[in-house]
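Read top to bottom, the protein sequences are chains A and B.
Counting in this note's numbering, the first sequence runs without a single skipped number right up to 456 at its last residue.
Counting in this note's numbering, the second sequence runs without a single skipped number right up to 623 at its last residue.
The reader is advised that the hints may include incorrect statements.
Restricting the straight-line Cα-Cα distance to at most 27 Å, the calculated cross-link-like pairs of lysine-lysine (BS3-like) are [unchecked claim]:
{"hint": "1", "chain 1": "A", "residue 1": "K447", "chain 2": "B", "residue 2": "K554"}
{"hint": "2", "chain 1": "B", "residue 1": "K258", "chain 2": "A", "residue 2": "K447"}
{"hint": "3", "chain 1": "A", "residue 1": "K447", "chain 2": "B", "residue 2": "K422"}
Just so you know, the hints here were simulated from the structure itself, not pulled from any lab data.
Residue-level listing of the chains:
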Amino acid sequence: MYNKDTISAISTAVGSAGIGIIRLSGKDSIAVADKIFFAKNKKSLRKIETKTATLGYIKNFSGEIVDEVIVLIMRAPKSYTCEDVVEIQSHGGGVVLQKILSLTLQAGARLAERGEFTKRAFLNGRLDLTQAQAVMDIIQAKTSTALNIAQKQLQGKTGSEIRALREEILKLLAHIEALIDFPEDEVEELSGGSLQNQIDNQLAQIKNLLTNFERGKIFREGLATAIIGKPNVGKSSLLNFLTDSDRAIVTDIPGTTRDVIEEFINLDGVPVKIIDTAGIRNADNLVEQIGVEKSRSLINDAQLILALFDSSKNLSAEDFEILQLIKNRRTIILLTKTDLPEKISVAEIEKLTDAQIIKISTKTGAGMYELQQAVVNFVGVVDLEQSFIRTERDADILHKVQKHLQDAKVSLLNGLEIDFISIDLHSALELLGEITGEGATEDVIDKIFATFCIGK
Amino acid sequence: MESNFVVDKYDVIVIGAGHAGIEAALAAARRGCKTLLTTLSLENLAMMPCNPSIGGPAKGHLVRELDALGGEMGIAADQTCIQFRTLNTGKGVAVQALRAQADKKIYQAYMKNICENTANLDVKQILVEELLIEDSQVVGVRGEQGETFLTKTAILAAGTYLNGAIIIGENSYAGGPNGQRAAVKLTDSLLKNNIELRRFKTGTPARVDGRTLDFSKMQVQHGDASPLRFSFLTAEPVLNKVDCYLTYTNERTHEIIKKNLHRAPMANGLIKGVGPRYCPSIESKIITFPDKERHQLFIEPEGLNTQEFYVQGMSTSLPADVQIEFLRTIAGLENVQIMRYGYAIEYDCINPLQLKPTLELKNISGLFSAGQTNGTSGYEEAAAQGLIAGINAAAFVKQESALILKRSESYIGVLIDDLVTKGTNEPYRMMTSRAEYRLLLRQDNADLRLTPYAIQLGLATPERKKIFQRKQSQIQLATKKLQEIKITPNNQLNDSLENLKIGAINNTMQLAELLRRPNVKYKTLQKIFDLPEIDDDSVAQVEIDLFYSGYIEKQAELVEKFDRLESQILPLDIDYSEIKNLSLEAREKLAKIQPHSLGQASRISGVNPADISVLMIWLNQHK
Chain A
1 MYNKDTISAI STAVGSAGIG IIRLSGKDSI AVADKIFFAK NKKSLRKIET KTATLGYIKN
61 FSGEIVDEVI VLIMRAPKSY TCEDVVEIQS HGGGVVLQKI LSLTLQAGAR LAERGEFTKR
121 AFLNGRLDLT QAQAVMDIIQ AKTSTALNIA QKQLQGKTGS EIRALREEIL KLLAHIEALI
181 DFPEDEVEEL SGGSLQNQID NQLAQIKNLL TNFERGKIFR EGLATAIIGK PNVGKSSLLN
241 FLTDSDRAIV TDIPGTTRDV IEEFINLDGV PVKIIDTAGI RNADNLVEQI GVEKSRSLIN
301 DAQLILALFD SSKNLSAEDF EILQLIKNRR TIILLTKTDL PEKISVAEIE KLTDAQIIKI
361 STKTGAGMYE LQQAVVNFVG VVDLEQSFIR TERDADILHK VQKHLQDAKV SLLNGLEIDF
421 ISIDLHSALE LLGEITGEGA TEDVIDKIFA TFCIGK
Chain B
1 MESNFVVDKY DVIVIGAGHA GIEAALAAAR RGCKTLLTTL SLENLAMMPC NPSIGGPAKG
61 HLVRELDALG GEMGIAADQT CIQFRTLNTG KGVAVQALRA QADKKIYQAY MKNICENTAN
121 LDVKQILVEE LLIEDSQVVG VRGEQGETFL TKTAILAAGT YLNGAIIIGE NSYAGGPNGQ
181 RAAVKLTDSL LKNNIELRRF KTGTPARVDG RTLDFSKMQV QHGDASPLRF SFLTAEPVLN
241 KVDCYLTYTN ERTHEIIKKN LHRAPMANGL IKGVGPRYCP SIESKIITFP DKERHQLFIE
301 PEGLNTQEFY VQGMSTSLPA DVQIEFLRTI AGLENVQIMR YGYAIEYDCI NPLQLKPTLE
361 LKNISGLFSA GQTNGTSGYE EAAAQGLIAG INAAAFVKQE SALILKRSES YIGVLIDDLV
421 TKGTNEPYRM MTSRAEYRLL LRQDNADLRL TPYAIQLGLA TPERKKIFQR KQSQIQLATK
481 KLQEIKITPN NQLNDSLENL KIGAINNTMQ LAELLRRPNV KYKTLQKIFD LPEIDDDSVA
541 QVEIDLFYSG YIEKQAELVE KFDRLESQIL PLDIDYSEIK NLSLEAREKL AKIQPHSLGQ
601 ASRISGVNPA DISVLMIWLN QHK
């Protein structure tokens, strides 16, 4: 699996404008690039110094020029992956990048797996776990706001919050262990009340971190949003309006069995991921015909529902069914086609729902600003100074830590002795170490000696 | 005597007759090996040069384990100790530990008698100066008179005697503890054979004259009313014969010490060795914790037939005049006379990373090492290693497989694994916090965990075997019965349950369920149910297993996970430099330590989880 072979991939997001980069890493990366790159100064890449840029052409094996490019060489170990790395910077769009990529593959590289550069960097000791994950997030950052968050991560902001929590657990555990290992030394007693306070504090910190994870997730993965409503209520018009601008980023997700297209809309910095846009766009699609059925299945996956009602028509039986479906769901109600004569009013809908109601027209653009603000408000004001938990893995660890702290509290409330409290605290400490890359036992022992005057 | 005269030929020669050497020699001899125990003074077998006590948290656990494996320390302590206390009651069943005050002389006499009367074992006063090694294999030892003993294996258990130096204030001289000689030339022999040595230090407080102490100014500490015992074999109750006393330093004490700090060996540069953090000198305590207004001191008798008292907590290497001055500031010690000064001792020890988990040196076949020579401190730590070294030296001679205890089954396993995997930068002391599965490693179940090994190795006497098997079958019987008896709620039953303060039941359940309730005891259940009559020790096991089952299962799951890595054996001939995906640091550390399993590899500092993934993949590829 972790072989010495050379990997290659397009390392800029598909569809992004500007420069596209193809990155190679591995023992033969310079040799591979040399086969398809022809420097203007006629030098072979093998003879070019590390960390220098060389201008030249990428040519295919028939000698035809594919693109004019800049090639950057970073020799091991002073590179991102600690291996020989070559970056080919192309001006071309997606097609040209694909061509260059396939030339590198023909020249002896292997297509990199998702995240493999980062994995190699990590395995070669270049990045710690936290950094490696933040790098992956940068790659996946959907909007510039999200990019900001990801960069904060790299500087270790989240790490510091988790480390602070770990430090508190460590302190408490060291206190317990000092009492156990040095029973005749003057270590102050730990009352049940104080123990419970400290565990409660730790639980509050975890809760914050996990809330923060949920919010960070929105910025990383997009706010999963379902647009629902009966046929011809204006779902595809809304989608077209929202995506018919440079705000939309369309991403292909290869490897999935269905040819799903996720569309991301940037609403004032909030990446909104519209679920099942294919279903909406394809007007002939059966799915669009059976609006209620489809709505039912969509709302389960959604963090936010945009429920559309045609203001130019009276509410139908289907509309009432949809109103039922969105009860107790996080929903914004949109009254569409307000450029047409009004048949149902805001007041009328208000009687049927607690959700916020906005009148829109995709023809005139009316209500679109309000919709944008409503979504932003829904997500909440984002404090970029705050950092986010990045991955499901970390969130999963935090959930487990939470469980251990809760168990420790239960043991305490059940009147069990401090040794039993220490079991769960120790597990919590070890788990947090999986995020920060620190061990537990030695740290506890060091802490005991640093904190308490031991020495009978 | 003629130089290089060959005196005799042995299977196992043990160098040093302290706590490690004695257990090593006894284990090897009891396993049928012709064994020689050497010491530089027959007066000082099993000497306790520091505190007059055995046991305490983790250390007491070690003694119980040692006993379960057929070692001698537990029996000797039960026979000769003069005060017994259980520590950590109320902190959890697993961390409760017995600590006893020893009568040093009686303890030594007991051990000397045992050693001199053990079959296959010779005890001789010989200062070993040289290891005889041919082709990286130990073949003999040579004493200072030029006498040579040939052997198949040797066990280094030289304690603090290796190139020992005593330091008191501005004075320093070569020597071992309590005015004994040091073993100077043996150090050269070790260095010559490419054994890496380091310099550690430790210290001890003054011994004072009991006739000059005013005990009325101190708090008295009695022994327990009905004390526990160290050995699973001790049937008779052990007796408390003495008290200990508690007093405190004060600001005047601290002033005197501060005023004279420039005369302390750590300040004047006489001490270069690394001392233990858990056993700091009084001068270190005052420097490190300047805000502490007083430090507690325990005044402990050194024995029944002596006026010497040990001033626990006052370890020092300040000059003699300063020692007298500061001791006399302490309540109850105003007129104290010092009988022996406190001192620091520096000594050579080996870097334990050179050892296999069997305690054999990696680079010299048949040479084992145990105790303070391996960088540990403490009588119990030494004895535990001695036993394992003795068992494995015998295994080497008999060409049987070695005994490597796992971290998940014993403190001894934790101790040795820590030493050979992580090494140590200070004299290593056992602590319960070093054991990740300590709920399973209780002093009450040490026999259930380890006595089967003793039986297998031939170290269990018939008596031990009988006691063990009886306990085992009682536990099985009671547990089975508790599961078999199903109880169904009815008025009559609930009335009697209420009467016994057990509480009524609402559903049909196994009787075992009741024992999971707080404050329900086996003996109480016996009053209304037909449960077998079993010994108290067995009752304790049954109750602990049921009442703490949730926690025990939790740890058992962790152990299962741990064992998965532990059981993946790494071949000794791996060329780690060939596995390129390993980090550079991991590659170096793995090559140096040569872990025997993936589990051990995962505990080496500098080997990260990614390296373990790489190794795991590599192992799979090379199966």
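Status of the hints after comparison with the structure:
Using a Cα cut-off of 27 Å, the hinted pair A/K447 and B/K554 holds, with the two alpha carbons roughly 26 Å apart. With a CA separation close to 26 Å, the supplied pair B/K258 and A/K447 stays within the 27 Å bound. Distance restraint check for A/K447 and B/K422: the Cα-Cα separation of roughly 18 Å lies within the 27 Å cut-off, and the hinted pair is therefore satisfied.
No hint from the list above goes unmet by this structure.
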